[in-house]
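Novice: In our numbering, the protein residues as written are -18 to 187.
Hints were generated in silico from the structure; no laboratory data involved.
It is possible that some hints are incorrect.
Restraint-style ranges between C-beta atoms, simulated for each label pair [said to hold, decoys possible]:
#1 A(-9) with A92: 29 to 39 Å
#2 E108 with I80: 16 to 26 Å
#3 T86 with R121: 18 to 28 Å
#4 T22 with G(-12): 28 to 38 Å
#5 A63 with G18: 25 to 35 Å
#6 W(-4) with R62: 11 to 21 Å
#7 I80 with A43: 12 to 22 Å
#8 P78 with R121: 16 to 26 Å
Note that beta-carbon positions come from the ideal geometry of N, C-alpha and C, so glycine has one too.
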Amino acid sequence: MPVSEMGTPADYEAWYHTPRGAWIARREFDLMWSFMGADATPAASLLDVGAGTGHFSRRFAAAGLRVTGIEPDPQMLAFARAQSTDIPYIEGRTDIPYIEGRAETLPLADASFDYVAAVTSLCFVAEPQRALCEMWRVARRGVILGLLHRHSLLHHSRAGRGGYSGRVGTLSKKYGAGRNACVPCRSVWRAPQQCCSRVEAPWHVG
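When you get a sec, could you build the whole thing from the sequences and use the hints?
Specialist: So this is what it looks like as structure tokens:
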């Protein structure tokens, strides 16, 4: 299913530049940044899983982290790569490296990044538990998740109107997620226990 059936990558990115989208994106980024705390230094590396248009990859890079994005959709990848130039970066680089791949089978070595972030991308994964274990495998310090809450007021207000919930359904079918769209938070807290010893759930925003 082509990206055009759910809107172009530019359409998707444009939401972040609306007043509401900009506020939500800033809140999400600030929360993720606070989880990393003092460890979020320019020397830290971060993998953005399901990078999409690269919006959060660019935010992390602009904050000084060494960012790599991974995304399964070729059109999203092309858009993200085109947007990744001229970003204040370190080590003399002005671009963010993006690779094509899926969260369930990350083509990366164990403990190859300090942090792994997945911002509202787990809902589009066919095997979320496997994806979580893969993210933990490549992370040295921690995994940060931003989840779409299927019982949020926003989700229910748009249900059946072809809005956000419809787009989630379209994307989920595209990537084979099926019934896993809007993964229950409770199952996310349990899943990583299969592959790591410590799981913290300090917040989840409806």
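Novice: Could you run down the list of hints and mark each one as holding or not?
Specialist: Taking the hints in turn, this is what the structure says about them:
| no. | hint | in the structure |
| --- | --- | --- |
| 1 | A(-9) with A92: 29 to 39 Å | holds, 36 Å |
| 2 | E108 with I80: 16 to 26 Å | holds, 19 Å |
| 3 | T86 with R121: 18 to 28 Å | holds, 20 Å |
| 4 | T22 with G(-12): 28 to 38 Å | holds, 37 Å |
| 5 | A63 with G18: 25 to 35 Å | holds, 32 Å |
| 6 | W(-4) with R62: 11 to 21 Å | holds, 20 Å |
| 7 | I80 with A43: 12 to 22 Å | holds, 20 Å |
| 8 | P78 with R121: 16 to 26 Å | holds, 18 Å |
In summary, the structure agrees with every hint in the numbered list given earlier.
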